[in-house]
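Chemist: Position chain B against the provided structure of chain A, taking the given hints into account.
If you want the building blocks of each chain, they are given just below.
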Amino acid sequence: MPESSFISIQGVSKHFGSIVAVDSVDLEIGKGEFFALLGPSGCGKTTLLRMLAGFEIPSQGEINIDGEQMSTVPPYQRPVNMVFQNYAIFPHLNVFQNIAFGLRKDRLPADELEKRVSDVLSLIKMEGFGERKPDELSGGQRQRVALARALIKKPKVLLLDEPLGALDKNLREQMQLELRQLQKIVGVTFVFVTHDQEEALTMSDRIAVMSAGKVLEVGSPEDLYEHPQTRFVADFLGTMNVFDGHIHARDGDSYIVDTRELGRISARIESQDFSKGEKMSVALRPENLQIVNSQSMTVMDGSISGVMSNTAYFGNSAQIYVELEGSDQPLVVSIQNLEGAASKAAHGNREVTIGWSKSSVLLLKDA
Amino acid sequence: MSKSSLNSSSGWLRSYTVIYLVFIYLPILFLPLFSFNDGIYVAFPMSGFTLNWWAEMVNQPGMHKALWNSFSVAVPVCLISTTLGMMGAKALTTYKLYGARALTGLFTLPLVTPFLILGIALLISFDNYGIDLSLFTVGVGHVLICVPFSLFVLLSRMESFDRSLEEVALDLGETPWMMFWRVTFPIAMPGIVASLLLTFTISFDEFLLAFFLTGDASTLPIFIWSQLRFPGKLPAVLALGSAILIVTVFIVIVAELMRRKGSANSTENVI
Chain A
70 MPESSFISIQ GVSKHFGSIV AVDSVDLEIG KGEFFALLGP SGCGKTTLLR
120 MLAGFEIPSQ GEINIDGEQM STVPPYQRPV NMVFQNYAIF PHLNVFQNIA
170 FGLRKDRLPA DELEKRVSDV LSLIKMEGFG ERKPDELSGG QRQRVALARA
220 LIKKPKVLLL DEPLGALDKN LREQMQLELR QLQKIVGVTF VFVTHDQEEA
270 LTMSDRIAVM SAGKVLEVGS PEDLYEHPQT RFVADFLGTM NVFDGHIHAR
320 DGDSYIVDTR ELGRISARIE SQDFSKGEKM SVALRPENLQ IVNSQSMTVM
370 DGSISGVMSN TAYFGNSAQI YVELEGSDQP LVVSIQNLEG AASKAAHGNR
420 EVTIGWSKSS VLLLKDA
Chain B
97 MSKSSLNSSS GWLRSYTVIY LVFIYLPILF LPLFSFNDGI YVAFPMSGFT
147 LNWWAEMVNQ PGMHKALWNS FSVAVPVCLI STTLGMMGAK ALTTYKLYGA
197 RALTGLFTLP LVTPFLILGI ALLISFDNYG IDLSLFTVGV GHVLICVPFS
247 LFVLLSRMES FDRSLEEVAL DLGETPWMMF WRVTFPIAMP GIVASLLLTF
297 TISFDEFLLA FFLTGDASTL PIFIWSQLRF PGKLPAVLAL GSAILIVTVF
347 IVIVAELMRR KGSANSTENV I
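Just so you know, the sequences run in chain order A and B. Read in order, the letters of the first sequence are residues 70 to 436 in our numbering. Read in order, the letters of the second sequence are residues 97 to 367 in our numbering.
If we strip away everything but chain A, and leave its shape as in the complex, we get (with noise of 0.2 Å):
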């Protein structure tokens, strides 16, 4: 949580027809924070964002900037501005004319805004390109002027729609730093939306993780990954072996729980609070799964074993797919390559034991 909320979003809902695009969100982001909104497609991130823009307006709730009413406050008033998903450069001005276009009405001598403009173009390293047309100008440097033109405003806000979408991969992996690095520099707040989960991880401060437009949980990427609340978020963060299961009983400080594919295991509690005979779920991450062979010394809490059917090997690591007897989902283990494990790990059709430490079992309440 951060201490001070300076965007306020509460119970904000917005209907199109009769789809719910948003449904009662509420959301408070913390000044100079990098806050994600993380969901599939369709799930109301952006509109919630173009709430934020004031593109939309809410059909119910508040939201409130730096403690100002701003639901209803049009666009071109807003302390706000955003950095659209295809960039939208004005195709008829150069690069110069689009980054110094939100400056008109403050009616600058030429040689103050020349010299507004050529600070963030060294901000967004693109010093003596203001000459230059939209169409000579790549991806990645579209990108950074539809960021300039945006920054130059000075906003209290950066919306950010799908920034590196557009991006080819390496690129977007060297944007993610700049645009962290770049928020750094300036100190704005940024909001911004994304549907890969990977991004959002690496570049936020916090994330909320949507779905049909409702914020599920909200959370530090840590919090997020190593403990989901909710199915949803604990699939939707990187790979999770995922089963049904319900509380048998409770055990000191741990939950007995039965499942049908891994049998009864106990799990470490944790904050959240099951009654006995609860329907509930049981997530256990790749990477906090092992193969136990007999040499190995460490001891399990908790263990299965069945047949390796299929790899996929990642080069610096890979996943190994357990068929367990009785489930038609395979259990996906992950090991690191040290030393050529993977590759000899990856032989054949071989029966194998796998191990977890119970700490490692995390229970999701069904939602």
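Just so you know, these hints were derived from the structure itself, not from any lab. Fair warning: this is a prediction, and the values are worked out from it, not measured in the lab. Treat each hint with caution, since some may be false.
Here are the simulated distance ranges between beta carbons [what the hints assert, rightly or not]:
#	chain 1	residue 1	chain 2	residue 2	range
1	A	146	B	348	42 to 48 Å
2	B	199	A	238	42 to 48 Å
3	B	199	A	124	24 to 30 Å
4	A	84	B	199	25 to 31 Å
5	B	121	A	239	56 to 62 Å
6	A	281	B	199	31 to 37 Å
7	A	124	B	347	37 to 43 Å
8	B	172	A	74	56 to 62 Å
9	A	240	B	345	45 to 51 Å
10	B	172	A	141	39 to 45 Å
11	B	168	A	204	40 to 46 Å
Calculated from the model, a selection of chain A residues having no Cβ within reach of chain B, i.e. all distances over 12 Å [claimed, not checked]:
#	residue
12	95
13	155
14	178
15	181
16	215
17	241
18	307
19	319
20	325
21	328
22	355
Counterexamples of contact, computed for chain B against chain A with all Cβ distances above 10 Å [to be verified]:
#	residue
23	108
24	119
25	208
26	227
27	313
Glycine included, each C-beta is placed from N, C-alpha and C at the ideal position.
Modeler: Only chain B this time, still in chain A's reference frame:
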């Protein structure tokens, strides 16, 4: 074998093209040719070179008046119909209007209605409302037939228009009014120029509606038509036609250059 048949067919195509072009443009070339002919009959052999017809054309007071009348109808008509066309195109492309297709169909109705019928209908209407026939009523009729042309030229321009460009302008602090003038208008400019030239030309040489709706003032096409009754006046009409031809070719070239410049500028906004 196949190569020679290809050659012979392209030979046919070439001669077809030449015949086609001659058929279309040769009669038009007779206009300037005979406007310099020293005789009143449009027939070979030509009898000698003269500039008299051009001089007579320039010195005809009736023609000056008709030319002026045509301009004073065509200029407001092209401005008004392009403005209306722009508003229509903007509305049809910006909003998901209920019945937009039916509406577009309705806009095209004046195009498919015979001008003869349109002329009579307008004549009756003006008469019923007690509006005297004048250049004003000609202008009203011309706006009616020019708006659909303008609408279609601008619709094709606005359909490829990226709406987020306008949203960026709003986002950067411009009101919808300034957004239009700083973003929408300049990007639609080639279409607007094309629409202005097209509607100007349509109004400038339109005869039927003008004939029905004008009072005692005549526009250039009506003036030319009235001159044709006197054989002695024909060569001067040819000179006038040649002058209009030259101006038209000039305008078309300018419009085409503008359009090319515009489309070269606008290709990159569709990422």
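Chemist: It remains to establish, for every hint, whether it holds in the given structure.
Modeler: To see whether the hints hold, each was checked on the structure:
1. At about 46 Å, the beta-carbon gap between residue 146 of chain A and residue 348 of chain B stays in the expected band of 42 to 48 Å.
2. Restraint check, residue 199 of chain B to residue 238 of chain A: a C-beta distance of roughly 46 Å satisfies the suggested window 42 to 48 Å.
3. The hinted range of 24 to 30 Å is satisfied by residue 199 of chain B and residue 124 of chain A, whose Cβ atoms lie roughly 26 Å apart.
4. In this structure, residue 84 of chain A and residue 199 of chain B meet the distance hint of 25 to 31 Å, their C-beta atoms being roughly 27 Å apart.
5. At roughly 57 Å, the beta-carbon separation of residue 121 of chain B and residue 239 of chain A lies within the given 56 to 62 Å, and the hint holds.
6. Distance hint check: the CB atoms of residue 281 of chain A and residue 199 of chain B are about 36 Å apart, consistent with the given range 31 to 37 Å.
7. A beta carbon spacing of about 41 Å between residue 124 of chain A and residue 347 of chain B agrees with the range 37 to 43 Å that was offered as a hint.
8. Roughly 58 Å separates the CB atoms of residue 172 of chain B and residue 74 of chain A, a value that falls within the hinted 56 to 62 Å.
9. Between residue 240 of chain A and residue 345 of chain B the beta carbons are some 50 Å apart, a value that agrees with the proposed interval 45 to 51 Å.
10. In this structure the supplied range 39 to 45 Å holds for residue 172 of chain B paired with residue 141 of chain A, their Cβ-Cβ distance being about 41 Å.
11. For residue 168 of chain B and residue 204 of chain A, the Cβ-Cβ distance of about 42 Å falls inside the hinted range of 40 to 46 Å, so the restraint holds.
12. Every CB of chain B lies more than 12 Å from the CB of residue 95 of chain A, the least distance being 25 Å, so the non-interface label holds.
13. Not every C-beta of chain B lies more than 12 Å from that of residue 155 of chain A, the closest at about 5 Å, which undercuts listing it as non-interface.
14. Annotated as non-interface, residue 178 of chain A keeps its C-beta farther than 12 Å from every C-beta of chain B; the closest such distance is 19 Å.
15. The claim that residue 181 of chain A is not at the interface with chain B holds, since no C-beta of that chain comes within 12 Å of its own (minimum 17 Å).
16. For residue 215 of chain A, the shortest C-beta to C-beta distance to chain B comes to about 8 Å, within the 12 Å cut-off, and the non-interface label is violated.
17. Residue placement check: residue 241 of chain A keeps its beta carbon more than 12 Å from all beta carbons of chain B (closest about 16 Å).
18. Non-interface call for residue 307 of chain A relative to chain B: holds, since the shortest CB-CB distance, roughly 31 Å, exceeds 12 Å.
19. No Cβ of chain B approaches the Cβ of residue 319 of chain A within 12 Å, the least distance being about 54 Å, so the stated non-interface status holds.
20. Under the 12 Å C-beta cut-off, the non-interface status given to residue 325 of chain A relative to chain B holds; the minimum distance is some 55 Å.
21. Distance check for residue 328 of chain A against chain B: the nearest CB is about 48 Å away, which clears 12 Å, and the non-interface claim stands.
22. Chain B leaves residue 355 of chain A outside its interface by the beta-carbon criterion, the shortest separation being 37 Å against a cut-off of 12 Å.
23. Even its closest Cβ contact with chain A, about 42 Å, leaves residue 108 of chain B beyond 10 Å, as expected for a residue assigned away from the interface.
24. Distance check for residue 119 of chain B against chain A: the nearest CB is about 42 Å away, which clears 10 Å, and the non-interface claim stands.
25. Interface exclusion of residue 208 of chain B from chain A stands, the closest Cβ pair being 35 Å apart, more than 10 Å.
26. No Cβ of chain A comes within 10 Å of the Cβ of residue 227 of chain B; the nearest lies about 43 Å off, and the non-interface call holds.
27. Every CB of chain A lies more than 10 Å from the CB of residue 313 of chain B, the least distance being 42 Å, so the non-interface label holds.
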